[in-house]
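Chemist: Be aware that the sequence shown starts at 208, since it is given in the working numbering, and climbs by one per residue.
Straight-line C-alpha distance at most 20 Å; calculated EDC-like pairs for lysine to aspartate or glutamate:
| # | residue 1 | residue 2 |
| --- | --- | --- |
| 1 | Lys380 | Asp305 |
| 2 | Lys391 | Glu381 |
| 3 | Lys419 | Asp450 |
| 4 | Lys356 | Asp305 |
| 5 | Lys415 | Asp435 |
| 6 | Lys356 | Glu264 |
| 7 | Lys380 | Glu264 |
| 8 | Lys419 | Glu264 |
| 9 | Lys356 | Asp316 |
| 10 | Lys356 | Asp219 |
| 11 | Lys391 | Asp423 |
| 12 | Lys391 | Glu375 |
| 13 | Lys356 | Glu371 |
| 14 | Lys380 | Glu363 |
| 15 | Lys301 | Asp242 |
| 16 | Lys415 | Asp428 |
| 17 | Lys419 | Glu443 |
| 18 | Lys415 | Asp445 |
| 19 | Lys380 | Asp312 |
| 20 | Lys391 | Asp418 |
| 21 | Lys415 | Asp219 |
| 22 | Lys380 | Asp219 |
| 23 | Lys380 | Glu228 |
| 24 | Lys356 | Glu228 |
| 25 | Lys391 | Asp428 |
| 26 | Lys419 | Asp435 |
| 27 | Lys356 | Asp312 |
Calculated directly from the structure, the hints in this document are not laboratory data.
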Amino acid sequence: MPTPAILALDFDGVLCDGLVEYFQTAWQAYCQLFDQSPTVPPAGLAERFYPLRPVIETGWEMPLLLHALQQGVEDAAVLDHWPTIVQEILAETKIPSDVAMAAVDGVRDRWMQSDLAGWLSLHRFYPGVIERLQGAIAAGVFPVIISTKEGRFIQELLAQAGVELPREQIIGKEIQQPKTTTLKQLQAEPPIAAAAAQPIWFVEDRLKTLDKVQADSALNDITLFLADWGYNTAAERDRATSDPRVHLLLLSQFADEFANWISA
Numbered sequence: 208m209p210t211p212a213i214l215a216l217d218f219d220g221v222l223c224d225g226l227v228e229y230f231q232t233a234w235q236a237y238c239q240l241f242d243q244s245p246t247v248p249p250a251g252l253a254e255r256f257y258p259l260r261p262v263i264e265t266g267w268e269m270p271l272l273l274h275a276l277q278q279g280v281e282d283a284a285v286l287d288h289w290p291t292i293v294q295e296i297l298a299e300t301k302i303p304s305d306v307a308m309a310a311v312d313g314v315r316d317r318w319m320q321s322d323l324a325g326w327l328s329l330h331r332f333y334p335g336v337i338e339r340l341q342g343a344i345a346a347g348v349f350p351v352i353i354s355t356k357e358g359r360f361i362q363e364l365l366a367q368a369g370v371e372l373p374r375e376q377i378i379g380k381e382i383q384q385p386k387t388t389t390l391k392q393l394q395a396e397p398p399i400a401a402a403a404a405q406p407i408w409f410v411e412d413r414l415k416t417l418d419k420v421q422a423d424s425a426l427n428d429i430t431l432f433l434a435d436w437g438y439n440t441a442a443e444r445d446r447a448t449s450d451p452r453v454h455l456l457l458l459s460q461f462a463d464e465f466a467n468w469i470s471a
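Please take these sequences and the hints and turn them into a complete structure.
Modeler: Laid out in structure tokens, this is it:
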């Protein structure tokens, strides 16, 4: 029965759904960047933002996505042409990307300093993932979280859900290195002896991240999974199904035994 020795997991979009926090942060940053009086977002804006979140490559794009929607850009156009649209917005508004990023970071920093509990409460775990993580740990699997979120927040959120994961098993934003580098380190110096003879399994919701792993021949032995419930588009999921190395993973499969993660 296939079982990983090391289970490498992205956090946002695999274990944790942070869409509500993303939208609230994006809205406040949007109001700051476009001189809008902080007010209640228009009805339906959040519901449009959520399914479009997968087009976002970097956090600074989030308030610009709200600007595009407020300016009448259709959802289908965002899904098909966001890289072009966001560059047009930068040119038209003359808002540098670093200024937009500072606005997003500033909103989060002030929020976490003034009401950390409230900020954390906007995150929720996908159904069944905590139980599956606990079961994997009980079975002797060594989980490692590899994320662009700060490790201390990941550790706190997991602890609130009943998972006490040692800090060294959480590779967060503060490490400041690509996920491919982290995976290479896990291969070169496996934290458990069994990992030397068994490939690492890596679950990620961003197909471009998995593309980068595939492009590095040093990571050829890593088994790759795309979490279909995360921040990815239908087009990306379709592409994953035709990729011989990427396994498209359903949330129901993730909650199941490892033997059912890989389709025959």
